[in-house]
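Chains as they are written, first to last, in the working numbering: chain A, 2 to 113; chain B, 2 to 113; chain C, 1428 to 1731; chain D, 1428 to 1731.
Hints are not guaranteed to be accurate.
With a cut-off of at most 27 Å between alpha-carbon atoms, the simulated BS3-like pairs for lysine-lysine come out as follows [stated by the list, open to error]:
1) LYS32/A with LYS62/A
2) LYS1461/C with LYS1526/C
3) LYS32/A with LYS1654/C
4) LYS1654/D with LYS32/B
5) LYS30/A with LYS1654/C
6) LYS100/B with LYS32/B
7) LYS62/A with LYS30/A
8) LYS30/B with LYS1654/D
9) LYS66/B with LYS40/B
10) LYS30/A with LYS100/A
11) LYS100/B with LYS40/B
12) LYS40/A with LYS66/A
13) LYS30/A with LYS58/A
14) LYS100/A with LYS100/B
15) LYS40/A with LYS100/A
16) LYS1526/D with LYS1526/C
17) LYS62/A with LYS40/A
18) LYS58/B with LYS100/B
Hint data in this document are derived by calculation from the structure and do not stem from the laboratory.
Nothing here was measured: the structure is a model prediction, and the numbers come from that model.
Residue-level listing of the chains:
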Amino acid sequence: MAETKPETVDVMDITVEFTGGLEMLFSNKRKHNISLPSKDASGAPANINFLVEYLCKHVMKDPRKDLFVLDDTVRPGILVLINEADWELEGEGEYAVQKGDNIIFVSTLHGG
Amino acid sequence: MAETKPETVDVMDITVEFTGGLEMLFSNKRKHNISLPSKDASGAPANINFLVEYLCKHVMKDPRKDLFVLDDTVRPGILVLINEADWELEGEGEYAVQKGDNIIFVSTLHGG
Amino acid sequence: KQKKHWPLSQEEYRRYGRQMIMREVGLEGQLKLKRSRVLIVGLGGLGCPASAYLAGAGVGTLGLVDGDVVEDSNLHRQILHGTERVGMPKVLSAAEGIKSINPWVSCRTYESHLSAENVMETFLDYDLVIDCSDNPATRYLVSDACVVLGKPLVTASALRTEGQLMVLNYPPRPPGDTTGGPCYRCVFPRPPPADSIVTCGDGGVLGPVVGLMGVLQALEAIKVLTKTDPISKEAADGWAPTEPPSLTIFSAYSAPQFRSIRLRSRRAKCATCSVQATVTAESFTSGSLDYIQFCGAIHSVNLL
Amino acid sequence: KQKKHWPLSQEEYRRYGRQMIMREVGLEGQLKLKRSRVLIVGLGGLGCPASAYLAGAGVGTLGLVDGDVVEDSNLHRQILHGTERVGMPKVLSAAEGIKSINPWVSCRTYESHLSAENVMETFLDYDLVIDCSDNPATRYLVSDACVVLGKPLVTASALRTEGQLMVLNYPPRPPGDTTGGPCYRCVFPRPPPADSIVTCGDGGVLGPVVGLMGVLQALEAIKVLTKTDPISKEAADGWAPTEPPSLTIFSAYSAPQFRSIRLRSRRAKCATCSVQATVTAESFTSGSLDYIQFCGAIHSVNLL
Ligand SMILES: [Zn+2]
Ligand SMILES: [Zn+2]
């Protein structure tokens, strides 16, 4: 609305959901409203990789980070869904997050 | 885009779905893309009542109109859903249809 | 003496262990299920899986209402009725199936169709009702009785490739209390024309479609029962807040297959659950409510 | 002579009438079901309802694979195994239940766990495979074998209050054909870390949640089988075009409960279904595929 000085951080509101047991790593809360900085430290538009990093740093209180990220990306066995589509259809980690996006992290189940 | 002369009909694109058996009255097709005139004959914005009338006149080929409308409104036993909510939450027949709306007509089932 | 410390037997702990280790159930939830009495109206395509999974979960008492006998044409979808039980009353066949799944469940059978005359006495003892019936007259009757007696209702239906489910009168507040959940009449104040009604017999149904809806009914009932203690509910106003009322629609050949629709709250002029309610406990026995006439003759030639 | 004109017996017409009157099935679909051979891997919480509804629908042959015996702790969700069958091999118990539901179904039982050594011979005779197993090693094994042998696969899983379902390798084109449906490795190229795996034994599961997914598996299988004639599929390239591949996610306590997620198509570098595939028929018997090692030790301490 007003002019933004260089040092203020522009944010965008998105929703992030965790399911398949992942919610246990995020305070047992499935749905989170996140105000994500629009740009990363280098000034590039926030993408999914940046979101994952942001969630680890600012949202995840559980110390077992390796149950969410491994080798700087989400661990095998977690599907990332961008607005109800597999992130592989959208460019994976490079997908530039848009205002209002709904990002779901699903841990796959194996029980039967 | 261009100027519209008084006699051209402005239309808006919406999707209309039929389910619960109602699709049988509409050429066995569940999902219809409809270009609905933005205004009714009197010049008032198109509402759900107008849409129902329009569907009867221009989309429904089955002669058994009374299985869809009765006493000038959808017959008892049909739920009208406007963007995934019961139309009673949205003003029923008076709801002014918006471009991009998704309107679903559901015939309730009774089998068990 | 040891029994005082262990509210369930060792066999029950082993049997229910896999649901008791979940925080949504726990020992407390398991005891609530054990104390619960659930009435199932209709032991057909919906009632078979609904009662099977409620029995598996350890609901203490299951009431079974149905006046029909098992027929050949039921077997493809009514999986609790074995082929060898064709000709047997459905409630007795279902009770046999339930005993085999879980002998800890007590079954009460009502070998007759529900009517305005018998509905009050039949429902009175139960904490929750599951409507697995197959016609609109019974659906209005069941819902009206649930509102009058203050029972939550899990209702579902299926036909051909589609199914629908609602949790009604939940929370089950008295008529006139607008914080209660809507009833069947709030959603459908007028019955559908008789010639628009199709039964599974006439229209057909895929077994897994009706099965899916029946299993979902068991699930919704378990959610309600483990939230609410049937014994203490009066004392504590028991019924916890819930999700807003919704209708789940399933369509096997559509994409997406499932939709969740937000429903209205109680209707200000509802004949059953509003301050202006005309349906009362007396109206059932006085004969003033004729559900068959209200819904018109059923089993007429029908098309939809 | 009359038999030539009536491809089904009178009893079969009566039994299946309610699904045969639907245009999605019809006589033709019923005959396709009767000619079909479906293999069910795992007769637990998913396999019980899946096989019950496939039996009800009249699938001609059901193959049942499981090396476990029925335990007390299975009974709350594995509704085909009666209490009196605790201790019996699950495949034999399930076969008894299936016979009771529909004596027209022929059951073949495989009383052992699936392994790289036995998977090819086990799968060979079947038209479609349903994965109702409970661990990642088996899920990769089942999917790999389905791709190599050209069988469509309906896979599901459940834990606690949640379930997931996918129809994979459908249409089941040969490896390298990009018009085939994605396989399990396309969606999950790398297995999850062993310490992130939770079984229903460890994490618990609500009976109707896993029941729901099993019933959905039966439904998806029926959709595939009635579209495709297992006998003539080679001649006509049989497999009809389908909806784009998707993942159905269920969560009992979320709103909405169901979501449908669009999945990717075949992965260009998939180890199993791409032109670069390294998994072949030979690799199963040569011992080059060690699924247990690939997925890491299971049943370790686990948390998610
Ligand atoms: Zn009402
Ligand atoms: Zn693949």
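Structure-based check of all given hints:
{"no.": "1", "hint": "LYS32/A with LYS62/A", "result": "holds (15 Å)"}
{"no.": "2", "hint": "LYS1461/C with LYS1526/C", "result": "holds (15 Å)"}
{"no.": "3", "hint": "LYS32/A with LYS1654/C", "result": "holds (21 Å)"}
{"no.": "4", "hint": "LYS1654/D with LYS32/B", "result": "holds (21 Å)"}
{"no.": "5", "hint": "LYS30/A with LYS1654/C", "result": "holds (19 Å)"}
{"no.": "6", "hint": "LYS100/B with LYS32/B", "result": "holds (16 Å)"}
{"no.": "7", "hint": "LYS62/A with LYS30/A", "result": "holds (12 Å)"}
{"no.": "8", "hint": "LYS30/B with LYS1654/D", "result": "holds (19 Å)"}
{"no.": "9", "hint": "LYS66/B with LYS40/B", "result": "holds (23 Å)"}
{"no.": "10", "hint": "LYS30/A with LYS100/A", "result": "holds (21 Å)"}
{"no.": "11", "hint": "LYS100/B with LYS40/B", "result": "holds (12 Å)"}
{"no.": "12", "hint": "LYS40/A with LYS66/A", "result": "holds (23 Å)"}
{"no.": "13", "hint": "LYS30/A with LYS58/A", "result": "holds (17 Å)"}
{"no.": "14", "hint": "LYS100/A with LYS100/B", "result": "holds (22 Å)"}
{"no.": "15", "hint": "LYS40/A with LYS100/A", "result": "holds (12 Å)"}
{"no.": "16", "hint": "LYS1526/D with LYS1526/C", "result": "holds (19 Å)"}
{"no.": "17", "hint": "LYS62/A with LYS40/A", "result": "holds (23 Å)"}
{"no.": "18", "hint": "LYS58/B with LYS100/B", "result": "holds (20 Å)"}
This entry satisfies every hint, going by the numbered hints stated previously.
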